[in-house]
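On the provided structure of chain A, position chain B as indicated by the hints.
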Amino acid sequence: MATETHEAVGEGLADATGVAAHGADAAPGMPQLDFSTFSNQIFWLMVTLVVIYFVLSRIALPRIAAVLAERQGAITNDLTAAEDLKRQAVEAEETYNKALADARAEAQKIVAEAKEEIQAELDVQIAKADAEIAAKSAESEKAIAEIRATAMENVEVVAKDTAGEIVRALGGKADASTVDAAVNNRIKG
Amino acid sequence: MATEAQGEEGGLVFHPMDQFIVKPLFGDGNVGMFTITNVTLWMAIAVLAIVGLMVLATSRRGVIPSRGQSIAELAYGFVYKMVEDVAGKDGVKFFPYIMTLFMFIVTANFLGLVPMAFTTTSHFAVTGVLALLVFFTVTIVGFVKHGTTFLGLFWVASAPLALRPVLAIIEVISYFVRPVSHSIRLGGNLMAGHAVVKVFAGFAAIAVVSPLSVVAITAMYGLELLVAFIQAYVFTILTCVYLKDALHPSH
Numbered sequence: 001m002a003t004e005t006h007e008a009v010g011e012g013l014a015d016a017t018g019v020a021a022h023g024a025d026a027a028p029g030m031p032q033l034d035f036s037t038f039s040n041q042i043f044w045l046m047v048t049l050v051v052i053y054f055v056l057s058r059i060a061l062p063r064i065a066a067v068l069a070e071r072q073g074a075i076t077n078d079l080t081a082a083e084d085l086k087r088q089a090v091e092a093e094e095t096y097n098k099a100l101a102d103a104r105a106e107a108q109k110i111v112a113e114a115k116e117e118i119q120a121e122l123d124v125q126i127a128k129a130d131a132e133i134a135a136k137s138a139e140s141e142k143a144i145a146e147i148r149a150t151a152m153e154n155v156e157v158v159a160k161d162t163a164g165e166i167v168r169a170l171g172g173k174a175d176a177s178t179v180d181a182a183v184n185n186r187i188k189g
Numbered sequence: 001m002a003t004e005a006q007g008e009e010g011g012l013v014f015h016p017m018d019q020f021i022v023k024p025l026f027g028d029g030n031v032g033m034f035t036i037t038n039v040t041l042w043m044a045i046a047v048l049a050i051v052g053l054m055v056l057a058t059s060r061r062g063v064i065p066s067r068g069q070s071i072a073e074l075a076y077g078f079v080y081k082m083v084e085d086v087a088g089k090d091g092v093k094f095f096p097y098i099m100t101l102f103m104f105i106v107t108a109n110f111l112g113l114v115p116m117a118f119t120t121t122s123h124f125a126v127t128g129v130l131a132l133l134v135f136f137t138v139t140i141v142g143f144v145k146h147g148t149t150f151l152g153l154f155w156v157a158s159a160p161l162a163l164r165p166v167l168a169i170i171e172v173i174s175y176f177v178r179p180v181s182h183s184i185r186l187g188g189n190l191m192a193g194h195a196v197v198k199v200f201a202g203f204a205a206i207a208v209v210s211p212l213s214v215v216a217i218t219a220m221y222g223l224e225l226l227v228a229f230i231q232a233y234v235f236t237i238l239t240c241v242y243l244k245d246a247l248h249p250s251h
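These protein sequence lines are chains A and B, in that order. Take the first sequence: its letter number 174 is residue 174 in this note's numbering, and every next letter is one higher. Take the second sequence: its letter number 70 is residue 70 in this note's numbering, and every next letter is one higher.
If you are wondering where the hints come from, they were derived from the structure by calculation, not from laboratory data. No residue lacks a Cβ here, since even glycine has one placed at the ideal position from N, Cα and C. Take the hints with a grain of salt, since some may be wrong.
Partial list, computed: chain B residues near chain A (C-beta under 10 Å) [as the list claims (entries may be wrong)]:
id: 1; residue: V31
id: 2; residue: T58
id: 3; residue: R67
id: 4; residue: Y76
id: 5; residue: H123
id: 6; residue: L133
id: 7; residue: T137
id: 8; residue: T139
id: 9; residue: G202
Bound-form chain A, shown alone (with noise of 0.2 Å):
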C-alpha cells in the first residue's frame, strides 16, 4: 500500500519535471533510502537466509563436524599407534641390546673355558713330558751307574790281574787271595 503511494508521488514529480524515468528508479540520492524496494529485498533476504540456515544446519554443518571429527579420532589413534610403535622399538633395542651383551659374555665364557682347557691340557702334556723325561734321565743315570759300577768291577779284576802278573814277573808266588785282599785293601784306601 505504502509502497504504490511512494510510486504514484515518484511518478508524478517525474512527469512534473519532464525527466523521462520510470518509478522511482531514476530518483537522484540513495537507492538505498528507496523505501519502495525494501518489502522486496526484506522478503527475498529472509528467503535466503532461511534456506542458508536450513542447507547449513541441516547438511553442511553436520558433515564438516563428522569430518573433523573423525580427522581428530584419526589423528589420535595414529598417534596412539605411533607411540606404541615406539615402545615396541625401544623394547626391540633392549631386547637386541641384551642379546648382544649375552653373546658376548657367552663368547668370553666359552674363551675362558678354551682358555682353560688348553692350560688344563698343556699342564697334563708339560706333566707327562717332564715325568717322561724324568724317567728317561733316571734311566740315563741307571745306565750311568751300571756303567761305571761295570768299569770299577774291570778296574778291580784288571788291577788284580796285573798284581798279580806283576807279582809272578817279580818272581814272586802270587796267592790269588793275598793278592786279592791286597788289591782290595788299595782299593778301598
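Just chain B now, with coordinates in the frame of chain A:
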C-alpha cells in the same frame, strides 16, 4: 549527487549510486514484494555459492580434505571458535544461526566485488533486517533465560548508587542503538567503497587521468576485498558479543 557531478564536470558522467538501484530482472514494471529483481538474482547466486562451498565441496567427506573442503572447514572452525570464545560454551547452540549470518554476509560482500554485480549487503534494508534479527534474538534469549534479571544488564551494580540511574539511561540508549550501528556499519562500509570505486572509474574518461584512475581503482579494489571480509567478521563477532550479554548479563 549524480546530477550535480554531471553538471560541474561537463563531459564527465558520474553515476556512483546507480549500481545500487533495485530493478526488476524481467520487464520494466514496479518493484513489488515478490518481484524477481537483481536482489533476488544475487541472493540466489549467494545461496548457490554457499551450497557449492559448504555442501558440494565437502561431499567427499575426505579425512584428507580437498581445497574446497579445506575452505569450508576453515570457515566452520573460524566461526565455531569465535562463538565458543566470545559467547561461551552455551552459545554454541546458536552456532548454525551465526554461521548463517556470517556465510551470507561474507559471500554477498565478495560477490558484490565481481564487476557488474549487485551488492545486496550495501542496502540498509538488508543489513537492517540482519541487525534487527540479531537484536530481537538476543533480547528474547536474554528474557527467556534470565527473566527480569536480564534488566540487570542496564543496572551497573559496580558503580556508585547515585550514578546508577544515569548509567542505566546511557546503557538503555546504547542497547537500542546497537541494531542501528550494527547495520549502518556494514551497509555504509560497502556502499562507500563501491561508490568510491565508481567515482574513480568515472574519472577514467579523461585520458590524462586514466592511468592514475586505474591505479586508484586497483588499490581501492584491494582495500574493498579486505573490507568485505573484515565487515563480515565484525558483524559476526558483534553478534557473538551481544549474545554473550544475553547469556551472561552480569558485567
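Hint numbers not upheld by this structure, sorted from lowest to highest: 3, 7, 8, 9
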